[in-house]
Each structure stands twice: as structure tokens, then as C-alpha cells.
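Trainee: Counting with mature numbering (1 follows the signal peptide of the UniProt record, and there is no 0), you get residues -21 to -1, 1 to 490 for the letters of the sequence shown.
These are calculated hints, taken from the structure and not from any lab test.
Capping the alpha-carbon separation at 30 Å, the derived lysine-lysine pairs in BS3-like fashion look like this:
no., residue 1, residue 2
1, K372, K353
2, K389, K457
3, K410, K423
4, K457, K436
5, K423, K405
6, K403, K372
7, K457, K423
8, K430, K414
9, K414, K348
10, K430, K400
11, K430, K353
12, K457, K372
13, K353, K405
14, K452, K410
15, K405, K372
16, K348, K389
17, K353, K403
18, K348, K405
19, K410, K372
20, K452, K372
21, K403, K430
Distance ranges between label pairs, derived from CB positions:
no., residue 1, residue 2, range
22, R358, P179, 49 to 59 Å
23, M14, G291, 49 to 59 Å
24, P162, T46, 36 to 46 Å
25, L303, P417, 18 to 28 Å
Just so it is clear, the structure is predicted and the values come from calculations on it, not from any experiment. Heads up, the beta-carbon is just placed ideally off N, CA and C, and yes, glycines get one too.
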Amino acid sequence: MNANGALANKYILLLIFSLNADIFSVKDALRTTRMSSQACRSWRSILLDTPSLWAKLIDLDVLDQVTDNWRNEVLRRSADCLLWIKGTKRIYNASLWVKGPDDVNRIQYDVSSLQRFFFSVLAAHWSRIERVAVSIEAGCVDSQAWRCIYLPAPRLRDFELEFHDMDTTLVAPIVPLFANHAPLLTTFYAKHVKFDISAPWVPALRSITIGPPTTLSETLDLLETTPLLETLRINEVPTEITNRICSIHLPNLQEMTLSGPFGVCMTLVKSIVVCTQGLPLRLSIEATGSNPGELNPTVLHALSDFWTRYFGVHVPVTVGLEILSQSFCFSGNTSDESDFSFTFPTPSAFSQLLHAFTLSIFHTVSQLKLEIPKSPPARPELIAFLLSLSSVKILHADDRVLQHLQELQKETSQACLPMLKTIKLKDVSSKPEDKILPFVQARKNAGIPIKTFDLTKYSSTLVVGVSLAFLDKMEGLKVVYFRLRVGQARGQGPILIRYVCGSGNPNILRF
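Sequences and hints are given; from them, build the entire structure.
Mentor: In C-alpha cells form, the structure reads like this:
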């Protein structure tokens, strides 16, 4: 092989090794690289001569070993290249049972070897760390150990610290975080870390996750200075009374997750202008610690207005409504593959919430996922919600939901879900006939028959001995499901069964 060919092969190998050495994207990246370095002499030479690969392999999950040997070797191989550090498992203090002078055994906590290694790397190599994402137990919090993060961070791009069981704040009352110098930083995840929201590195952020001790007012101030944000996660920001009115434009936002007191979530929802550039926007709002008194007409109008604006840009195609004994969840996805969800914990607020989510724009919805309790609450509001879904063709539900729908239909002269053609049945009770047959028969009598019962997704949940043979009376109805082969060999898939009711073989509907 000539020199050019050998060089090309080396570049191709380096590209493959680089792709496999991304600890944030590739599982077991460090193990794979180590094994590759032991495969043959030429591969080993290439890998050991490329310190930038090893610098991106500081995987604390894999390096959590009894001795420091392999940890120190990986760090040595990184030379002076930019470091990537990842740890998805919590870094704990070491615990030992120690017998005291009174002969009583007690737990004594000490710094673990992994913890000592992590903090030594931070202290000695902070200026060359490019990405750090670790999970820390609250017991590991020591302001002295963290003093390096208040030094300039000239190469830092991603900074993600997740503290667990933390009830205090990691603060440096005098020196600002990163000494106000982190010019390349784009990802910031650091709840329980106090920072200056007016720091010069804040406007360049693309992704931010914040929580206590950041206040609601500080959050609003921060968002007004971060127009480049693509990901926003706000978790448990404390309740704060504010009459502040602002309009925050985040034109690049593609993911927003809000979790916390309902009042805080609503203030943020009213303040943030939904993207109008057609970018997908994943949206999750989880209200906590709420009470029905917060759902006054003004707030409900703001909630409806927000969702109307959101759906005006992100056209809904699938909607899910889940009403449980202690929670209300509204979710789904849109034509641009945006996901959305809203969760509220107060059962007594169901009627107000259903009213807020009954929107004329739902005529675009083609699929409905429905889960409602034995005795559906807020029946008039639930009926109005169903009537707004005039284009739904596919319903995901169990047989109990079909029974409830039939009962609700009796309370209105308008047809609920008039375009419905397919039922994707996710489960059936032990005696489904009384729940399913009246619904199917009523739809047929009204001239809006169900065409297909699809059990393909949920066939494995059907109870052995359950029979849907009663559907054979509904001539023309198609039933589709999977059935295991008799004596099925390993690797063989189940058989897809398609049966048209009235064909004279109802036994095929016995499971």
C-alpha cells in the first residue's frame, strides 16, 4: 500500500475511533476504546498517539474502581487536551462501620476514592475542562472542594451538576461563578448553585436548567437576556407574588419544561412568547402544590390563550386526556412532531381545566388517547371537550372507556367523535360484552359505525379465556390482533389475524 493509502486508512480509523469515544453519546465508550487499543499494534499506536480521544473519556461510572490505577492512566493519556467528564451515577461519600470507645459501631463517612479523583481533576485541570456532567450526593458538598468553579473557565462549554437530596445552596458570597469568565459556555445545569444572572456568559446560553435558589423575578430577568435559548428547564422555583407583565421572546426555543407551583408556571407561561418560526417545541408543564383557588377566570383565560397560541404554530394531531383520582394530565403531539403535556394535581379542578382545554383548534386532531375513571367527573365539560374533537378517527382506550362514552353520548343530541372509525383497544375486562357491544351497536344505529377494532399493540395484555366472539353480530366490523403460533420456535413472530365479523367463524375471536 502506498503512503497516501496508508494515510487515508489512518484517517478513517481515527474517525471511527473518535465516533466511538463520545461518552455522552456512546454507551461503554471508554471500554470500547480500551479494547480497540489492545486489538493490534497499529491500532494501539494510533490510539496512544491521539490524547484528544482519551481526554474525552473521563467516564466516572466506568472509572469507579477499587484502585486509582486506571483512572490515573486515562488522565495521563489525555496529556493536556480538553477534558470531557461524565458521571450518571451519584458520587457518594464512602461509609465505614467504626467501633467507638464505647464499643458501639457507628457509620463514619469519608471521602471516597472516586470523589477524591473527581475533585482532584477539577482542581488541577479546571482551565482545560470543556464538558462536565456529573450527579452528586448532597453529602459531598464542601465549599472548599468546589472553589475551582469560581475560577475563570475559558474552555468550558457544558456545565451540568445535579445535586441530590440537597436542602442548602452552594454559594460563594463574594466571588462570582466562573469569575464571570466563561465565554464558550452554552449549556448550564446547576440547581442549588447561586450565580449572577447578569453575568457576561449568560446571554450566550443555548440550554439552561435552573431551580432554587433562583427566584421567579430573577428567572424572568434572566430569560429576557437569553434570546439564543433552545432548551429551558425550570424546576421548583419558589412561589413569589408578582404583578409583573413582560413579553419574553425566545425564537429558537425547542424544549421547555416547567415544574413547580401552579402560580409560578402560569407567570412563566404568560410571559414567554411561543416560537413562530415553525421549529418543533417540546413542552411539559407539571404544576405542583396547587389548589383550586388559583384557577380563577383570569388564570384560566391565560391558560387557554397560551395553548391556543401554541397550537396556532404547532398543529395538534394527537391528544391524550388522562383523568385519575388525584391528577389531570393533558398531552399529545403535533404535526411537526412536537410533544406537549400539562399535569395538574387537584381533582376538584377538573371541570375548570376541561373548560380551559376545550379549544376550537382541536378540529385538526385525528387521534385521541383517553383514560377516565369509573365515574367521570365534570360530565358536561367532558362532553364539550369530546365535541370539540370533531375529526378524531382513531381512539386509544379500554372497554371501560367505551362504556363511559356510551353513557355520555346519552346526555347530548350531538354525536361525540362523529368521524371515529378505529378503536385501538389497549385492554379488556373479564366480561367485555356489556361494555363494548352497546357502544358499537349505538354507533351503527346512528349511522357512524366503527370500522376496525385494532388489538395489535395490546394483544399480549389480553386475559386468556376472554372472548370477543359477540362482535361477530356486527357484520363488516374488522378485528385485527396478533396470536402466538402453536409451538412457536425462537425467533418466530406472532401471526397477524384479520377477521371480518359476520364471516361465520366467531371462534377466532376467542383468546
